[in-house]
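Listed below are the residues making up each chain.
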Amino acid sequence: MTEQRLPWSIHENPSLDQWVDFSRSGVARVFSAKVELGQGIVTAIAQIAAEELRLPMSQVVLVSGDTRYCPNESYTVGSMSIEIGGTSVRMACAEARHALVEQAARLLKADLSRITAEGGLILLDGKPSGLDYWQVAAQVDWKRPVTGAIAFTPPQALIGRSVARLDLRSKIAGGGFIHDLEMPGMLHGRVLRPPSYGARLQSLNRSRAEAMAGVVNIWCSGDFVGVCCEREYQAVKALEALRAGAHWLESETGHDARGWKELLPSLRSIDSEAEVGACPASAAGAHRVSAAYSKPPLAHASMAPSCGIASFDDNRLTVWTHSQGVFPLRDALAVALGLTREQIAVIHVQGAGVYGHNGADDAALDAALLARQVPGRAVRVQWSRDDELAWSPLGSPMVVKIDGAITPAGKIAEWTAEIWSGPHGRRPSRGAVNLLGASHVDPPIPFPESYEMLGAFAGGARNSEPAYDLPHRRIVLHSLPGLPFRTSSLRTLGGYANVFATESFIDELALAAGADPVEFRLRHLTDPRARQVIETAARLSQWRPDAERGTGRARGIGFCRYKNTAAYVAVVAEVKVQMEPRVTRAWCAVDAGLAINPDGVVNQIEGGIVQSISWTLKEEAGFDGCRVTTRNWDEYRILRFSEAPELKVELIQRPDCPPLGVGEAAQGPAAAAVANAVARALDLRIRDLPITRARIIAATAGETSP
Amino acid sequence: MGTTHTLRVNGKRHELAVDYDDTPLLYMLRNDLGLKGTRFGCGEGNCGACAVLIDGRAQRSCELPVWSVEGKSITTIEGIGEGLGASGRLHPLQQAFLDFQAGQCGYCLSGIIMTALELIELGGEPSRQKIVEALDRNLCRCGAHARIIAAIEAAWKKSWDEVMGGSTP
Chain A
8 MTEQRLPWSI
18 HENPSLDQWV
28 DFSRSGVARV
38 FSAKVELGQG
48 IVTAIAQIAA
58 EELRLPMSQV
68 VLVSGDTRYC
78 PNESYTVGSM
88 SIEIGGTSVR
98 MACAEARHAL
108 VEQAARLLKA
118 DLSRITAEGG
128 LILLDGKPSG
138 LDYWQVAAQV
148 DWKRPVTGAI
158 AFTPPQALIG
168 RSVARLDLRS
178 KIAGGGFIHD
188 LEMPGMLHGR
198 VLRPPSYGAR
208 LQSLNRSRAE
218 AMAGVVNIWC
228 SGDFVGVCCE
238 REYQAVKALE
248 ALRAGAHWLE
258 SETGHDARGW
268 KELLPSLRSI
278 DSEAEVGACP
288 ASAAGAHRVS
298 AAYSKPPLAH
308 ASMAPSCGIA
318 SFDDNRLTVW
328 THSQGVFPLR
338 DALAVALGLT
348 REQIAVIHVQ
358 GAGVYGHNGA
368 DDAALDAALL
378 ARQVPGRAVR
388 VQWSRDDELA
398 WSPLGSPMVV
408 KIDGAITPAG
418 KIAEWTAEIW
428 SGPHGRRPSR
438 GAVNLLGASH
448 VDPPIPFPES
458 YEMLGAFAGG
468 ARNSEPAYDL
478 PHRRIVLHSL
488 PGLPFRTSSL
498 RTLGGYANVF
508 ATESFIDELA
518 LAAGADPVEF
528 RLRHLTDPRA
538 RQVIETAARL
548 SQWRPDAERG
558 TGRARGIGFC
568 RYKNTAAYVA
578 VVAEVKVQME
588 PRVTRAWCAV
598 DAGLAINPDG
608 VVNQIEGGIV
618 QSISWTLKEE
628 AGFDGCRVTT
638 RNWDEYRILR
648 FSEAPELKVE
658 LIQRPDCPPL
668 GVGEAAQGPA
678 AAAVANAVAR
688 ALDLRIRDLP
698 ITRARIIAAT
708 AGETSP
Chain B
318 MGTTHTLRVN
328 GKRHELAVDY
338 DDTPLLYMLR
348 NDLGLKGTRF
358 GCGEGNCGAC
368 AVLIDGRAQR
378 SCELPVWSVE
388 GKSITTIEGI
398 GEGLGASGRL
408 HPLQQAFLDF
418 QAGQCGYCLS
428 GIIMTALELI
438 ELGGEPSRQK
448 IVEALDRNLC
458 RCGAHARIIA
468 AIEAAWKKSW
478 DEVMGGSTP
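Those sequence lines, one after another, are chains A and B. Numbering-wise, my numbering comes out as the position in the first sequence, counting from 1, plus 7. Numbering-wise, my numbering comes out as the position in the second sequence, counting from 1, plus 317.
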C-alpha cells in the first residue's frame, strides 16, 4: 500500500503506539478520537479492533475522545467514523497483531508462517506456545509506523455480525451521561444568556443574587454573566434573580424571517459554480421544467440540554464535554482563554444524541470561564432547554431552485441547481474560535464571517449533484455569510435540502414525462448498487406504478447516495393526508458496503428516517428579526410516538466492499419520499418545508384561486 | 426557606433539607440521593425524561415540589432492576429494551421505561394503541420510536401471559 492510500487519521498519527497499548495485562487498549454520539460508533470500532487483534470484545478497552491519550482525529462527523476512523483502527490493530506475531516468532526461534494468535495467546503450529500478547508486547518497539501494508485478518467472529451496543445496557439501567458526573467539591454553574443575538447588557443589579443561599461567585464580563453555587437548585434560583436584575438593549436585524424563498436570494452572497458536461443548446422539442424548494432553519433539539464541566488546578484546565471534537475544542479553548494547548486536557463523556454542532462546545467554555473564577473546584454548567433551543447553532435555511429539460424520449437533458444557503461548518477550532461565551465576554472574540465555495467542504452543496447519469449538470452555490443567527453543522448539512429538492424535482420530471417515478429513476441509473436499493425498496413496499393520484393516501420514493460517496439509500413512504399529513409506513433499502454491525446500521437508518419525517412534517426554528422564538418543546415541536411510522429496513450486505457511513444517509431520501407521497396523495406539490396542514391549505387555496 | 422533608424513595426513607420550598423532586433525586438515572430534559414537564413513579403513577419530577410527594412512595429507574453493574439483573421491561436494542442515545429511556411500567402494572390486556397513547407526552429525538414500542409490547405480552397462567398456544 502506498503512503497516499493511508487514511487521514493514520497520516496525521502515524505511530503505532498512538493507537494501541498492551501495557495493562489481559487487555488491549485501543485509542480513537471518534466518540459515541448515540450512533453506536464505540461498539463498531471495538468490534473492528477485537476482530483484527483476534481478541474477544471483553479484552478490548476502547479509549475514545481524550486529548491526553488519543490520536488527534479532529471531529466525529460526516458519517466518516467507520470509513476513516474504523479503517485506521483496523490498520493499526493489524499492524499490532503482526508486530506481536513477528516478535513471538523471534522469541520462539520459529518461522513466522508457523505463528498465529487467538484470544491473546500466541500459537505455534496452532497450539499454545506458552507465550501471550502481553509477554511479547513488552519486547516490541511500539514506536513504529502504521504502514497500512499488513493484510486484514478475514472477518470471522465479529465484523459483519450484529453485536449489542456496549453502552446501551448502562443507559437502560439509569447510568451513562456527562450530566451525571460528580467531582469532589463540584459547584453548579449557570450562565445568563442575552435575550437575543446582538443584545447588549446595559446594567446588572446583582445584589439580590449575591445575598442568596449557596452563591459562591458571580462573574460578569461584557455581555457574559455567570453564577456558581454549592447546590444546583440554588444556581437555578440565583440565575432567576440575575435575569430579573439585568437590563438589555436589543436590536432588530432588519431581517424578515418569513418566506425564505424571497429572503435568501435577496441577501448578499458569495457565489461559486461548477458545470459538468455540455449543455445541449436547448434540444429541439425538449420540455423545460423549473421549480424552487425551501427548507427552514432547524434546531438540533437534543433531548438533553448541553452540559460542560471544568476544573482549574495549578493553572491547568481539565474539561469534560460531549463535544464532537475534543482536539479542535482544546485548541479553541486555548485561544479563548489565553492558555497553551499543553495546559488543557479535554475529555469526552457521552451526552444525549448529537446531530451536529450543538451547544456542547459552548457549554464547555462556559464551565471553563466560571471554573477560572474558583480555582481548585470543578464547575458543572447545565444549559436550560431555552438555552439549547435558542443558542445552539441552527441548521441553515436553504432555497434550492432547479431548472431541467427532458427530451421527447423522456431522458433528462439539462440540469441546473441553484442553491442559497448559510454556512454549515462553523465549529470551534484554533483558527476560528466560534464559541458563544467568547463572543460575549470583554474583550469579545466575535464569530468570524463564514462562507463556502463549491468543493469537498461546501456543506451547502452537499448532494446537490444528482447521482443519476446526466449528460449535463450545473451547480451554483450562493453562500450567505450574513444570516442574522448562527448556523452550523446539523446532520447531513445541505444534503437534506438538496436531496429533498433533487428527488422532488425528479418526480416532477417523471410526471412531465408521464413516467412512473421508480422506472424514471432506473432509466437514469447504471450504477448497479443504486439500482438495487431502488428496486429493493420498491419490492418491499409493493410499489404500484399505476397508483391513483389525489386520493389522500399515497406512496412516494426518494433515493440518494449520501455525499455521492457513502451509503446508498432508497426510501418509500406511505402518507395519509387527513387533518395533518402523516407518514403511516416506510420501507427502506440500504447498501453500506461491509456493515460492521448490521443491527447498528439498521438502527441508525431507522432513526434517520424518523428524524427526517419529524423535520419534514413539523419542524421550523422561528426567528422574528430579533429573537429566536422557538424556545421550548411547545414552540419547537418534534415527532411524537403517535406520529411515528411502522418501519421496514432491508440491509444489502456487501462483505467485499469497504464500509460506508450511514448516520446521515437516510434523511434526504426520507424527506423526498414523504414530499413525493404528499404530492401524489394530493395531486398537488408542496415545495416548502415543513409540509404542515397550514401549508397544504395555503397551497390548495393558491391553486384554486383565479 | 430551609425546610426538611421525609421522602420514601425505592423503599428507603430519607430526610432531606431544601433551600427553597419549590425545589423540584428531580434535583433531590439526582444530587442529594445520587439517583442520576432520572434525567433533566426541559424542566417544564414537556419531554418526560424525568418521569418517576409516585404511588405507581408516572409523574414528571422536574415539576413536582418536594413537599408535594412527602409520604408517598417514589420509584426511580434505579429502583426497578438491580442497578448498573453488568451482572445486576434488569427488570423484565429493561431487558426487553436491551433485547430489542431499543434506543440510540438512550437519554429518553428512563422516563419512557417508567411511563411504560405504570401502564403494564395497571394490568390491562396488552395494546399497542395504549402504549402509543401512554408515550405521547414522552419525546425521543433519535427516532428509536418503533423499537421502543416493540420492546414495551413484548414485555407487556410476557407479563400478561404470566398473569393469565402462562399458557399461550
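Among these hints, one or two may not hold up.
Said to hold, decoys possible - Heads up, simulated EDC-like pairs for lysine to aspartate or glutamate below, C-alpha to C-alpha not over 20 angstroms straight-line:
1) LYS418/A / GLU282/A
2) LYS474/B / GLU442/B
3) LYS655/A / ASP416/B
4) LYS447/B / GLU425/A
5) LYS570/A / GLU425/A
6) LYS389/B / ASP338/B
7) LYS408/A / GLU515/A
8) LYS625/A / GLU657/A
9) LYS655/A / GLU470/B
10) LYS570/A / GLU280/A
11) LYS408/A / GLU269/A
12) LYS625/A / ASP453/B
13) LYS447/B / GLU650/A
14) LYS583/A / GLU555/A
If you're looking for bench data, these hints aren't it; they were derived computationally from the structure.
Query raised in the report: Which numbered hints turn out to be false for this structure?
Result: 4 and 8
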